[in-house]
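*Asks:* Got two chains here, separate frames each, mind docking them using the hints?
Here is how the chains run, residue by residue.
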Amino acid sequence: MSAANGMAGSTAGREADGILNMTALELGAAIRNKEVTAQQAAEAVLSQIRSSEERYHCYVTVDEEGALMQARQIQEKIDRGELTHPLAGVPVAIKDNMCTEGLLTTCSSKILYNFVPTFSSEAVLNLQRAGAVILGKTNMDEFAMGSTTETSAFGVTRNPWNPEYVPGGSSGGSAAAVASRECFYALGSDTGGSIRQPASFCGVVGLKPTYGRVSRYGLVAYGSSLDQIGPLCKDVADCAAVMEVIASYDPKDSTSVKRQDNDFTTALVEDVKGMRIGIPGDYFGEGLDPEVKKAVLEAAGVLKERGAVVEEFDLSLVEYAIPAYYTIAAAEASSNLERFDGIKYGYRTQEYEGLHNMYKKSRSEGFGAEVKRRIMLGSFVLSSGYYDAYYLKALRVKALIRKAFDEAFAKYDVILGPVAPTTAPRLGESLSDPIKMYLGDIYTIAVNLAGLPGLSMPCGRDAKGLPIGLQLIGDCFEEKKLIRMAYTYEKARGPFSREEAR
Amino acid sequence: MANIISDETIEYVGILAKLELSDEEKEQAKKDMGSMLDYIDKLGELDTENVEPMSHVFPVHNVFREDVVTNADMRDDILKNAPEEKNGMFMVPRTFE
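Chains as they are written, first to last, in our numbering: chain B, 1 to 502; chain F, 1001 to 1097.
Next up, chain F with everything else stripped away, as it sits in the complex (with noise of 0.2 Å):
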């Protein structure tokens, strides 16, 4: 396997994922990035030197509307689906000590 993935890549991108990865599945994330990358690296054989980068298919760059509100006032149906709300807001852990 070329590609080695460290503990340290595992850690940094679990932060930047957000996610909490058992001792078990950091093993198989490793094992699993590094087959990934190393599968990935075949796009090098390509000379893409003078090629621009394509986000999109088609010539459309920014789209714009007025901040118009145009849906009616949703609150309490949205709220359903939170875990926890309090007086019509969304309840969150403490954030300041």
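Here chain B stands alone, though its shape is the one from the complex (with noise of 0.2 Å):
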């Protein structure tokens, strides 16, 4: 019997579990308050960690001591006045793809498995600077290559409203931790959709924010051009008040934007009277799981009762953005894992005969098999001959995609979709065949070629019983209009979690 079941019936266990049932807002009021402190906090999803992570496997590392030592010094800074932010004292999980100083940071890869940063990722430092206790590392697909976390080169994840299913992907750590209530909210990252698709398989809010809104330093890059770091979270407004803390302008990474509207918590409006949504009918033809469909166009229909303006349009190019994106993030990161070599960190191979073969030698054993079919084709795509006809051929593409965009938005506000084709698939399913897997995420990828914001939420459960995802896109930096958006959705839809549904 695990320590959580022991104390289900005494009343810490009652008080326990009163906690770990509050969205991160809650809990900030409620240490605010001081109804609860820090470390009660702390010690309360840290037990929920040691009762249902041998189910689920959310997290490579757990850092307990550091999560409860953090937890003291913010409370001391709380009671001191020092700390007065709405997410101060509140649990989080960071994705094991951002350094974090001091704290084991893996990719998920062999070849990370020791790798301990001197520094930590500027999201995390916001983070860390409104008082949030850093409790672990979230497991994820390798190097963020997969869409089910089964690349994980530390075992898959599995999905907590059926451990039979994926999490999703790459993010599968960070969703399965936000529902599990392993945490209260993590942080993820989206090149093609590994926030918005495993927040859609397990039933919570996913946030990818506009291209450069928050800052890619210490984030492991995959496709740097797409990389955008963001929030998951239990509900609309915890992923707005996460935004408000990571985004942020930094001169560390050349990429980030300097904006002076990352106030998203004045977006949580119940209003989408005379909004325009446009819903592309190229996003609900074949392939679409009729399930996934009808519950998407209900919640349009909720939207539409709203005083929200629907009407359908052809978005054009879809079938293009998946082999564009292939081409584009295989040779970024061809390129960006060309520093893992086995000199400066990391593993290095036993036996070796020289400089080079020490090379090839570690690479080939420390990384798995999607990382190098991805290397390899990212090094033949950008290889001379080549390059011309397949990476600028994929960069033109790019162009006319964001083109496409540009065109919907001046007719409408969001664009209304699914995020994935169908729910979660069973474990085991989807690795024999990557071109069906690269298909999943034919809703989400060009939001990223595009550099926009997208967000994801659920709308519904499936025969099986699994959370279906709504996903909104916005126009470059406006985020605050797929808030609104989603928060007035969230409140006819009514409350949605494992714990609601049972």
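Please keep in mind that the hints were generated in silico from the structure rather than gathered at the bench. Ideal Cβ positions, reconstructed from N, Cα and C, are used throughout, including at glycine. Keep in mind that a hint or two might mislead.
In silico contact screen, one side only, chain B against chain F (beta carbon under 8 Å); selected entries [to be verified]:
| no. | residue |
| --- | --- |
| 1 | Lys294 |
| 2 | Leu297 |
| 3 | Tyr320 |
| 4 | Ala324 |
| 5 | Phe380 |
| 6 | Arg402 |
| 7 | Pro434 |
*Replies:* So this is what it looks like as structure tokens:
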């Protein structure tokens, strides 16, 4: 019997359960009002991790001691009035591709199995300045390459709604940790859907911000022109609050953009009257599961009832996004992952003959199959003779895709559609056919190519009881429109969690 | 399959990628790369004759800063991550005979 089961009947167990059911903002308020201390919150969530981690495996590293120490220090600062942020004292989980000073950062890869960064990523530092308690590092597809969290070198993560199913990926550990109450919110990263799709599969809210909104400093790069850090949360209000903390201009990231409109919580307004929603007909064609289609269109109907103007249109070029994406992402990955050479950090092979053999053997033994597949493809499309035909061609198609979105956003405030063609697949079903797995990203990938913000939130469950995700896409820097619409829909929909579903 | 990847191509890409693949991995890589390229060839359906390649979604060009050291000396901490180190330096295999 686990510790939590043993506690379930006791007062302490009920109190812990009460804490675990709070959203991040509710917990932050309870801590400010002295109803709960940061230590109690950390202890409650660590106890939850101890009891359910064996089943779900959301984390690569849990920093129990560090979390309790941070909680004590943060509580002291709150007591002295030095920390007043709404999220102060609230425990958070960080995807294992964001550097955390002194805390193992592996990207779920053997090649970084022992890497302890000497610095923290800017997004994590921003959270710490607001008083976040870092619980640990969440599991992911190796180097964020995958859609199921099954390519992790440290074992699969399971979907808390049904452990026979994948949590999605690549931020699968972050999404599953939020859904299983093993954290109050989490950071993920999204290169082709890696926040939105696991959020959809695990029934939580995920936001991929506009490219440049959140600093990528300290995020281990996969596809640098596409990567963006964002939150995975229990609800929309938490998402807005976390965005307010992590969005910042950072001179250390040359693609960081200076903005004056990072006050995302002002968009938590229950009103969509007159907002124009475009539904791309080409997102609802062949391959879309009928149950997903029905739930997403019903969500559109709810927003229409609340006064939004809903119209169908053709986005066009949808089927070209995936081939363009895999060309660009693989090319950037092959370049970014050159740094893993067995010299400065990480894995080095045991036996070798000379420098080049050491590079090759360390990399071949350190990287998993999917990572090698993409490095090979990327090296090929960038090689002389193929660069123009593949890489430059993909960049030209990217320009066309961006133009199609520009035309759509001249007419609509928000584009509404599904996050993924289906709900979560069973464990082991996806990896055998890479192209089939890549096709699962068809509705999320174009958003990264065009640099747009996209939000994923639950809008129902299928016959198997698995969550269905609704995706809202906005024009660049229009996250507030997404938050406002998502908040309005969430209020109409009512609570959605595993606890509610029981 | 339209794209047939030769042994020579896989050897060459392996050199560029600094990967040493087993014979089994090479066969798999030939198949995977062939089918991925078949799929990517779909982009050829689009006329992009007068379209400029877009590497960055915003009109941001080179971003410069003064070359000034802002971080502290963390040599010893950084070297803790090195597979091998000696006298405050990274150890690499002999590169000259």
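*Asks:* Evaluate each hint against the coordinates.
*Replies:* Against the structure, the hints:
{"no.": "1", "hint": "Lys294", "in the structure": "violated, 30 Å"}
{"no.": "2", "hint": "Leu297", "in the structure": "violated, 28 Å"}
{"no.": "3", "hint": "Tyr320", "in the structure": "holds, 6 Å"}
{"no.": "4", "hint": "Ala324", "in the structure": "holds, 6 Å"}
{"no.": "5", "hint": "Phe380", "in the structure": "holds, 5 Å"}
{"no.": "6", "hint": "Arg402", "in the structure": "holds, 6 Å"}
{"no.": "7", "hint": "Pro434", "in the structure": "holds, 7 Å"}
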